[in-house]
Structures are given as C-alpha cells and as structure tokens.
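Each residue of the sequence shown is one higher than the one before, starting from 554 at the first, in the numbering used here.
Worth flagging that the hints you see were computed from the coordinates, not collected in a lab.
Even glycine gets a Cβ: it sits at the ideal position worked out from N, Cα and C.
Heads up, a few of these hints could be off.
[As the list claims (entries may be wrong)] Label-pair ranges, simulated between beta-carbon atoms: (1) D635 - H561: 28 to 34 Å; (2) P651 - A575: 17 to 23 Å; (3) T654 - S558: 40 to 46 Å; (4) V595 - G663: 19 to 25 Å.
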Amino acid sequence: MDVKSRHHLRSDEIDELEAKLAEQLGVELDGDSYERVEFDDVDREVVLVDGEPLVASFDGELFLTVRGANEHPPDRHVVTVDSGAISFVSDGANVMRPGITEATDDVEPGDLVVIVEENHRKALAVGRAEASGDDMVGDEGKVVDSLHHVGDDLFEFHV
554 MDVKSRHHLR SDEIDELEAK LAEQLGVELD GDSYERVEFD DVDREVVLVD
604 GEPLVASFDG ELFLTVRGAN EHPPDRHVVT VDSGAISFVS DGANVMRPGI
654 TEATDDVEPG DLVVIVEENH RKALAVGRAE ASGDDMVGDE GKVVDSLHHV
704 GDDLFEFHV
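Use the sequences and the hints to build the structure in full.
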C-alpha cells in the first residue's frame with residue numbers, strides 16, 4: 554500500500570468519527586492525534602489514531618480495523634466464532650454459520666461487523682453481515698463476507 558497523502562483531521566471530523574464509533578460500536582477512541590492516509594494503489598483510506606491504523610474505510614464507510622478492535626473492543630456489531638474457525642477467518646475466509654457461537658442482536662444484513670474468537674475475545678477480522686445477528690448461528694450457509702483480516706496488507710500497514 555503506497556501512501557499518496559497524509560493530513561490531520563479537523564476537530565469537527567474527529568468529533569464526528571468518535572461519535573459514530575461510540576454510537577455504532579460502543580467504543581471511545583479518545584486519541585490525541587488523528588491523521589487521514591490515502592493510498593495510490595488501493596481504494597481505501599486509513600485513519601491513524603496516535604500513529605496507529607485503528608480505523609479504515611470499507612466500501613466508503615469508516616469502521617475499526619482489526620488492530621483498532623483489539624485496542625478498543627466493541628460492545629456492538631460483534632460476531633463470535635469458535636476455535637475451529639480461527640485459522641480460516643484469520644486467513645480471510647468468509648464466516649459460515651457452523652463456526653459462529655453467537656452474534657450481538659443489533660447486527661442487520663449489510664452492517665459491518667467485528668469477528669472475534671470465543672476464548673480470548675480477540676478480533677480476527679472485519680466483515681459485512683449477510684444475515685441479522687439473531688439468524689447467524691446455525692448449521693449451514695455463509696453469513697459474513699470477510700473484508701479485512703489478521704495478516705492482510707491493512708493489518709500489516711505501518712507508517
């Protein structure tokens with residue numbers, strides 16, 4: 554990912570971002586420095602919070618990265634997978650019903666979600682829900698499209 558530009562967010566942009574993530578996920582970023590990074594080679598922007606890539610755009614919508622979700626664990630929009638799904642989800646696989654142990658009831662189809670593992674609650678991926686939270690646990694079918702995962706270019710990005 555080749556950096557095209559970096560610039561600090563205005564205070565109103567910071568307030569809007571913090572309010573959106575607090576409302577949507579129940580997290581408080583509360584950073585001292587916020588920078589927007591745009592790239593030449595990917596259609597994505599990243600927001601560095603105190604120098605760390607904690608927020609990124611997914612289809613134009615700002616949401617926590619895997620690193621951001623591990624530093625600021627969300628209360629809402631969370632899908633939990635069992636230990637058997639960890640290696641698949643960490644490699645970028647979509648999330649299937651049999652691997653899900655629970656999902657928060659605020660998830661609706663089309664929502665961005667954080668995928669965490671059940672034992673330590675560590676974030677493994679960010680994806681887009683294809684089902685509501687109360688319809689995610691089951692025997693078959695894909696319910697979350699993976700958009701970002703541990704080990705991908707966004708996860709490995711450093712400035």
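Now for the hints, and whether the structure bears them out:
D635 and H561 have their C-beta atoms about 42 Å apart, which leaves the hinted 28 to 34 Å range violated. In this structure, P651 and A575 break the distance hint of 17 to 23 Å, their C-beta atoms being roughly 33 Å apart. Taking 40 to 46 Å as the suggested C-beta distance range, the pair T654 and S558 conforms, at roughly 42 Å. For the hinted restraint 19 to 25 Å between V595 and G663, the CB-CB distance of approximately 22 Å keeps it satisfied.
The structure shown violates the earlier hints numbered 1 and 2.
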